[in-house]
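Can you build the whole structure from these sequences, using the hints too?
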Amino acid sequence: MSSPSGLLPPGRTPMELAFRRFRKNRKAVVSFFLLVAVGFGTVAVPFLATHEFDRQDYDYVRSAPLWVGEDALQSALLVVENKRLPDHPNTFWMGTDAVGRDLFVRVFKGGRISFAVGLLATAVSVLIGIAYGSISAFAGGKTDLVMMRFVDILYGLPYMFIVIIAMAIFESRSFLLVFLVLGLFGWMTLSRIVRGQVLSLKEREFVEAARALGVSTPAIIMRHIIPNILGPVIVYATLTVPSIMLSESFLSFLGLGISEPETSWGVLINEGARALSPLKVAWWLVTFPGVFLALTLFCLNSVGDGLRDAFDVQQR
Amino acid sequence: MTGFLLRRAVAGVLTLFVIATLCFLISRFAPGSPITSEKQHLPEVKANIERHYWLDRPLYVQYGRTLLGYFRGDLGPSFYYRDRTVNDLVWPAFRVSIVLGCAGFVVAVLLGVPLGLLSAACQNRWPDYLSMSVAIGGICIPNFLLGPLLVLAFCFLFSWFEPAGWPASWTDLGELKRLLLPSFTLAFIHVAYISRLTRAGMLDVMNKDYIRTARAKGLAEPAVVLKHGLKNGITPVVSYLGPMTALIVTGSIVVEKVFDIPGLGQHFVKAALNRDYGLVMGTVLVYSTLVIVFNLAVDILYGILDPRVRIQ
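Those protein sequence lines, which keep their order, are chains D and W. The opening position of the first sequence corresponds to residue 1 in this note's numbering, with each subsequent residue numbered one higher. The opening position of the second sequence corresponds to residue 1 in this note's numbering, with each subsequent residue numbered one higher.
Hints are not guaranteed to be accurate.
Stated by the list, open to error - Simulated restraints on C-beta separations:
#	chain 1	residue 1	chain 2	residue 2	range
1	W	W160	D	W67	26 to 36 angstroms
2	D	T217	W	N48	58 to 68 angstroms
3	D	V29	W	A153	28 to 38 angstroms
As the list claims (entries may be wrong) - If the Cβ cut is set under 7 angstroms, some of the chain W residues that face chain D in the computed set are:
#	residue
4	I139
5	P142
6	F144
7	L152
8	F156
9	T250
10	V269
Keep in mind the hints are simulated off the structure, nothing from the lab. Glycine included, C-beta positions come from ideal geometry on N, C-alpha and C.
This is the structure we're talking about:
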């Protein structure tokens, strides 16, 4: 098959091969498009919707979604009264919360924050992880030892506690703080992965060749090392996003994360959990944000698993 | 084995030391604590407060006394509840939390291992798919979502359980029922992991030669699986129990909030919101000690179960 003079079929980069394998994984591809849809929704819906996310409608406080039928409302299990005002009908697809705000818009608005925190914090931790891991591997010797011991110590500390304490120290619980804190304490695993990869890569012939040609160490890292570790980094980063979204929701649920007037899925689930009272079971307040969070976590994990299978060298 | 355990114990003590030092530094320098930014007080009052928290001494004396206090089991004063020490607050709550944590631990193992065994025995049939869906559920339904959903379903839709609270007595069955939902919520994600680990471990082991020998000598299948297979197949689960302790501790913070259980997690979150650094650090130290001790216990268990570890 091999032809001597430029008649070879165009070569495929490892990226292209991985992409081909990923495309064959139906679950991962469907999850990917679902994610894109939810992500697009979180950006677009708050603009397009007729309700403001913080507008309070006192005629419809804790009111059920508009499609919930009269008989269900009358049933003994879900004692909720939906007003039927002729000139002011219920227009809330997912109902309203305890102060009469539209849940539909809030779910997407909250999703925007959850997604943004997940992506930005992952970006922060990936950048730190790559830099730390590759510097440690390239420095070698005592520096490497000290740097990795430091990672070991950070590993030994309980992650969630550190984050909670950090959130407690800073009074303003802004969006910026949440993603910075989550990102700043989430890079350790990645730095270990990167270090391991770089340690094996830097002994390879093409790096030696680059060095022999007089390329400086930073240039070698940027040009030759980083493109080669991109696969595992992408896989790990994709799996970091759901875990950071989970941490953000966890913090917000405890009241230590995103705070009013901003909202996130964790905040909404917390509000929903508190709205569960025997007097009026406002089931929609916890169910809808919960479904969106669960769906997103599921999709992110399947995409991550799909990418891992696609990039996994052993399985080829 | 002893060398290994000794190393782990020393590493654990070192970690505790680092945590204690961080605790001290944060409690002295973090903004907004009653110590660093006190309201305007009369000079006498101020001096009194400073004496109470040893602030009139040099920093290293404060540090030494704090560490000595930790060493003797004295967690120091609470910064928010002025007339209480951290010990007063922590220990009653600790008793509640340890019961909850152990219940979660037991539920996770008692549900996870049989589910994994079942799905390994019926590979690619419906029990296997059941445990697979539990595993997927564990990944995408976090405990702070599962808890409210369970409350919604089992406390309001069907009034089987009380939505909140902690058993008042340990002999009354109706009271003990209150433990069920919280411990299941706490255990759910670990049921998922343990069942997958058990399944993988068992599938791996059941193809080994010694299992064929056991079958060939005419042993009944349950004996083969439970006596010969399980002992090796369970090792991945045992190594998961260590990290699981830390996760159960974090999970219990949420579960205690959802079900309004008067445990350590409630104190921890309230202390963080009140910036009661004394109490925050006390709870963190108790939690960290617990996790480290549990990890050590798991290591010992691992050594008992797998003699190869002892030789290394």
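Evaluated hints:
With their beta carbons about 28 angstroms apart, W160/W and W67/D fall inside the hinted range of 26 to 36 angstroms. In this structure the hint that T217/D and N48/W lie 58 to 68 angstroms apart at CB holds, the actual value being about 59 angstroms. Distance hint check: the CB atoms of V29/D and A153/W are about 33 angstroms apart, consistent with the given range 28 to 38 angstroms. The beta carbon of I139/W is positioned within 7 angstroms of a beta carbon in chain D (closest approach about 5 angstroms), and the interface hint is therefore held.
A distance limit of 7 angstroms between C-beta atoms decides the matter here; for P142/W the minimum to chain D is near 6 angstroms, and the interface restraint holds. Hint on F144/W holds. Least Cβ distance to chain D is approximately 4 angstroms, under the 7 angstroms limit. Taking 7 angstroms as the C-beta cut-off, the interface hint given for L152/W holds, the closest approach to chain D being about 6 angstroms. With 7 angstroms as the threshold, the beta carbon of F156/W comes within range of chain D, its nearest partner Cβ sitting at about 5 angstroms, so the hint holds.
At a threshold of 7 angstroms, the smallest CB-CB gap from T250/W to chain D is about 5 angstroms, leaving the interface hint in force. Annotation: interface hint on V269/W holds; nearest CB of chain D at approximately 5 angstroms, less than 7 angstroms.
Checked against the numbered hints above, the structure breaks none of them.
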